[in-house]
Amino acid sequence: MSTKSSMYSTRDESSQCTRQDRPGCSSWIWEVLSFSVSFLCMGAIVVLLANLNNKPLPNMGFLTLNGIVSTLAGISKAALILPISEAISQLKWQWFWNVDRPRPISDFQIYDSASRGPWGSLCLLARPRLAHLSSLGAILTVVALAIEPFFQLVPSYPVRMMPTAGGLATVPVASLFTQIERDPIDLNTVTAGQGLKGATYDGLFGSSTNKQVDPSCSTGNCTWTPYTSLAVCSACTNLTDMLREIPPADGVSDITGWGLPNGNTEYGASATYMVQGNAAVLPQKNGGQDSGNWTIAYSNMQNFTLFTAQSWYWAPLTGNTSSPPHVSECILHFCLRTYNASVNDGIFSESLISQWPDPLQPLPKSITDQWGFRLLREMIHRSATDGRTMWWQHAPDNITEAEITLTSPQVEDQVYHISWLTMFGLRNWLTENWSVATSDQDTTSDVAQVMYNAYTGPSRATVQPEDTSAALAAVAAMPGPAGLWSDVAESMTRHIRDQASGQQSAHGVAYAAQTFVSVQWEWIILPISLLILTLAFVSLTVAQSVEKEIPLWKSNSMPSLVYSFDETTSHSISGHGRTGEDMEQHAKAFEMAMRATSGSLKLRARPRNTYL
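The sequence shown begins at 580 in our numbering and counts up one residue at a time.
Keep in mind that the hints are not guaranteed to be accurate.
[To be verified] Taking CB as the label site, the calculated pair distances span:
| # | residue 1 | residue 2 | range |
| --- | --- | --- | --- |
| 1 | 817 | 1011 | 24 to 32 Å |
| 2 | 1122 | 736 | 41 to 49 Å |
| 3 | 925 | 1011 | 37 to 45 Å |
| 4 | 757 | 805 | 23 to 31 Å |
Keep in mind that the hints were calculated from the coordinates and are not lab data.
This structure is a prediction, so every number in the text was calculated from the model and none was measured.
All residues carry an ideal CB built from backbone N, CA and C; glycine is no exception.
Could you build the full structure based on these sequences and the hints that come with them?
Below, the structure is given as structure tokens:
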């Protein structure tokens, strides 16, 4: 017998697989159909997700998007496994289809296991000597397990805030404010309304930590474009550097005094730690000047302020010495404030963008040329000279109709109105109640005490009178009146906006949480790559089978029965045990190949390292 034999030709009639002998085995029609199902399922997933990408998650009743994707991915994986499995089975026959290179019989079982699932494929990959086109099929079988989880990672469901058509988003603003009261005994005296007084005390005593208005936001998430409202603003300037030392007053005291450029002077007096007043209550100290000339820092505001005061205050236990005081000038005035606001998760946030007018700049003619403004200045002058009880006698008959309007250059076509009587009455009340001085607690008002405590702040530690350096340090550490005046202005602004005439509101947009579909296309790379590689793998398998003229037996078990071993080989393998493991173990000692014998095919086996 020749030591070598040529490859057996599959064109022999007995070896050809005809459609009549074995229906369907001579074509790859089922594999093509299965691959097409996998392709269509993947395509359906891509089309579905592409149509839903960046759109609200639809309501599908009992179905869910993830459920649909998972089902299609499962079908796609199952359909893709079939052509891979059949191609591996076909490569099994190619592996043994060369009589010149017989293969170990145990390889037959390895290939057969690889065509059945991932575990068998891993076993095939674990044997480097079997590196072959079938290794690609084994890799595809294992990686195909990731098709479903990867497809389920493609859609994500971010929650986005979207405008709602029926949502309510309003925040109170004021464009008109009128609130006054007449003295119940002297009807010729007007004063601030009780609500505005309460708001002032609220800011003064800090009884409410929330100075913001209360918006309406039905969804808990709202935004507003910048809006403008009538408000009360404050400003403070430190005048301490302007102080000049003056000698003690003749025959009055031996304590050194201090003076300002406007002629206002103060002397340290026993148990007196703060003096606060304005031109209307300190005429003897400013030569009878009106507040427009008396003020130092805010002369541009003239008589437009609600209250202008100069505050003199000493560190504790230094008021009866020659230690220098701390001096600030502060004002309250009507203004226009522009805000930016939003509500996030039910928490309202409002930030100030700008305010007008600037107290350090001259008032525009749009204010100073108004009849109401000129009347205000005239009545203030009469009140200072004739007494507040006489002002009504000089007022015009239509005084109740008088108003002052504000028109901000930053807000076009919007006019804001302040009742003249409201402004006049508020000025009277603030002048009467905020012009204070402190001494001992028995004679000091609550307003004076809270102001002094706020102005001096943490510096109110005990300072010995003789310790001049400590006294100077205490003065330098005082926070001053700016914070307290700002709190009062914020509290008054809230009241004005909440109680404004006409109950105006700025309208915003309400947002509600809505679930969207967001497609992470990078996760689809693996399934698509598997599809392409499967097509290439099966195509190469078909091409090799055609080239080598190998019958399309694939996973069919009949050829292994029809062209089985001879009796001697079968007995040699099975004689050592009848279990599958025993036969597989002893089969490693044999190798086999398919060869032609007398015009027919036969699986010929032999012990390894011998010739067929």
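Each hint tested on the structure:
no. : hint                     : in the structure
1   : 817 <-> 1011: 24 to 32 Å : holds (26 Å)
2   : 1122 <-> 736: 41 to 49 Å : holds (45 Å)
3   : 925 <-> 1011: 37 to 45 Å : holds (42 Å)
4   : 757 <-> 805: 23 to 31 Å  : holds (26 Å)
Violated hints: none; the structure is consistent with every hint.
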